[in-house]
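Engineer: Here is what each chain is made of, one letter per residue.
Protein chains: 2
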Amino acid sequence: MAGSVGMSERALLGEDVRGVTATHGTAKARIERAALGLFATRGVDGVSTREIAAEAGLSEGSIYKNFDSKDALAETLFEAIHARLYALVKTAIAESADFEDAVRRVVAAYCDAADSDRTLFEYHLTHMFRFGQIDRPGRPDPTALIAARIAEAMTAGDCPDGDAEIKAAAALGVVLQPAAHRMAGRFSIAMASRADALARAALAAIQEA
Amino acid sequence: MAGSVGMSERALLGEDVRGVTATHGTAKARIERAALGLFATRGVDGVSTREIAAEAGLSEGSIYKNFDSKDALAETLFEAIHARLYALVKTAIAESADFEDAVRRVVAAYCDAADSDRTLFEYHLTHMFRFGQIDRPGRPDPTALIAARIAEAMTAGDCPDGDAEIKAAAALGVVLQPAAHRMAGRFSIAMASRADALARAALAAIQEA
DNA sequence: CGTTTGTGAGTGAGCGTTCACTTACCGCAA
DNA sequence: TTGCGGTAAGTGAACGCTCACTCACAAACG
Numbered sequence: 642m643a644g645s646v647g648m649s650e651r652a653l654l655g656e657d658v659r660g661v662t663a664t665h666g667t668a669k670a671r672i673e674r675a676a677l678g679l680f681a682t683r684g685v686d687g688v689s690t691r692e693i694a695a696e697a698g699l700s701e702g703s704i705y706k707n708f709d710s711k712d713a714l715a716e717t718l719f720e721a722i723h724a725r726l727y728a729l730v731k732t733a734i735a736e737s738a739d740f741e742d743a744v745r746r747v748v749a750a751y752c753d754a755a756d757s758d759r760t761l762f763e764y765h766l767t768h769m770f771r772f773g774q775i776d777r778p779g780r781p782d783p784t785a786l787i788a789a790r791i792a793e794a795m796t797a798g799d800c801p802d803g804d805a806e807i808k809a810a811a812a813l814g815v816v817l818q819p820a821a822h823r824m825a826g827r828f829s830i831a832m833a834s835r836a837d838a839l840a841r842a843a844l845a846a847i848q849e850a
Numbered sequence: 642m643a644g645s646v647g648m649s650e651r652a653l654l655g656e657d658v659r660g661v662t663a664t665h666g667t668a669k670a671r672i673e674r675a676a677l678g679l680f681a682t683r684g685v686d687g688v689s690t691r692e693i694a695a696e697a698g699l700s701e702g703s704i705y706k707n708f709d710s711k712d713a714l715a716e717t718l719f720e721a722i723h724a725r726l727y728a729l730v731k732t733a734i735a736e737s738a739d740f741e742d743a744v745r746r747v748v749a750a751y752c753d754a755a756d757s758d759r760t761l762f763e764y765h766l767t768h769m770f771r772f773g774q775i776d777r778p779g780r781p782d783p784t785a786l787i788a789a790r791i792a793e794a795m796t797a798g799d800c801p802d803g804d805a806e807i808k809a810a811a812a813l814g815v816v817l818q819p820a821a822h823r824m825a826g827r828f829s830i831a832m833a834s835r836a837d838a839l840a841r842a843a844l845a846a847i848q849e850a
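Chains as they are written, first to last, in our numbering: chain P, 642 to 850; chain A, 642 to 850.
Because the hints were derived from the structure by calculation, they are not lab data. Only a predicted model underlies this, so the values are computations on that prediction, with no experimental measurement involved. Certain hints may be false.
What the hints assert, rightly or not - Computed spacing ranges between beta-carbons, pair by pair:
(1) A:Ala695 x P:Ala831: 46 to 54 Å
(2) P:Gly826 x A:Ser737: 22 to 30 Å
(3) A:Asp686 x P:Ser829: 38 to 46 Å
(4) P:Arg759 x A:Asp802: 21 to 29 Å
(5) P:Asp837 x A:Thr796: 22 to 30 Å
Ideal placement from N, C-alpha and C gives every residue a C-beta, glycine not left out.
Using the sequences and the accompanying hints, generate a full structural model.
Structural biologist: Listed below in structure tokens is the structure:
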């Protein structure tokens, strides 16, 4: 069956993704890399299957041998980064000593993700509104994980009472908006170099919101 | 000349925009209202000119009597909200007593804008990446205004030193990310009801980032 | 009567998708 | 080693369709 999530994740995430180019890697991984780069800068609707195929050094038909549709390809890419972020957040929270440490680790994880595969992260940022609706149940959701940890901190007395969803959103905004501004060219330093400051800012935002 | 910015702003912003429907107001304002609603929920590329015309209760041709192209229409709408936010931020800063008051007023202004014309604000949120590039010089830019005010506060000693652009982005994120989460259905209360808490959070984020 | 405003069928370009076909590669029997 | 059948992967021209945009015309208005 073409385009199953398991297969695609393996193609996109199993290999060292940065080694995949138009001339290296499996056809599926090459299609994903090509599509990702084009989608991130010009949007899913701004790119044709012909362009993706050309960028991947393959034919248009091969896209459909590996994915059910252009939209399924776009969704696969989004789910891949979404699942990766979920895993990163889960690990960061699990390994943390206390609430403050959890915030620091989660922020650091986001910063690293934003730096280490910039294209994938930019695709995530720009297509949250298209694919990021929460109606799908059972979907890994990093934001829900963060909100739950904040709610836990509130009952434990580590954080002033309030709306955990809004606190989570504010904290996330402290990291994502700078990432978006960097993408727009407003500055160009690595996110990781500001991870500590952003972690303090996120923690402060959580306390106050 | 069809679609000049001045005319469009008057059509979109000069009238009481909430009174404009498919059957009331000038053709231009009806087209703008119809396009705005469709663009906000389904994206510029996800909506056809036929649908816009139908929603506005007009013919396709009338779109082109009033705008140079579909893209010009989309850009006009974006520039309208961008200019409005710029004016709001400028006023908020000008009328503020001190830095803390400026932050509170700007946050309140964003919350009010998010509540009072939700569709326009959602269009802004979802299309920042398409139209929000900063390469155009002389363009009113609310973010630059905020960054400048933060830089001023830093030299005045009202705020710890750091990168004003990143501080501004973090503060904006504290407001915009909750707005985005509300749009995605994660919560549904009015932004204005949380304006004070978000203002405190934004100020804290500015101090720490 | 001239000008502006609105109309909607028409147009060609470009889209996502399909499918008959070619190529590459495998295990296996002779 | 050679030949063979089966399978999967890749190809690219072609298809049906939708799109943004145009234009000859009509209505409205002063």
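Engineer: Hint by hint, note whether the structure agrees.
Structural biologist: Going through the hints against the structure:
| no. | hint | result |
| --- | --- | --- |
| 1 | A:Ala695 x P:Ala831: 46 to 54 Å | holds (48 Å) |
| 2 | P:Gly826 x A:Ser737: 22 to 30 Å | holds (29 Å) |
| 3 | A:Asp686 x P:Ser829: 38 to 46 Å | violated (29 Å) |
| 4 | P:Arg759 x A:Asp802: 21 to 29 Å | holds (28 Å) |
| 5 | P:Asp837 x A:Thr796: 22 to 30 Å | holds (23 Å) |
Of the hints listed earlier, the one the structure fails to meet is number 3.
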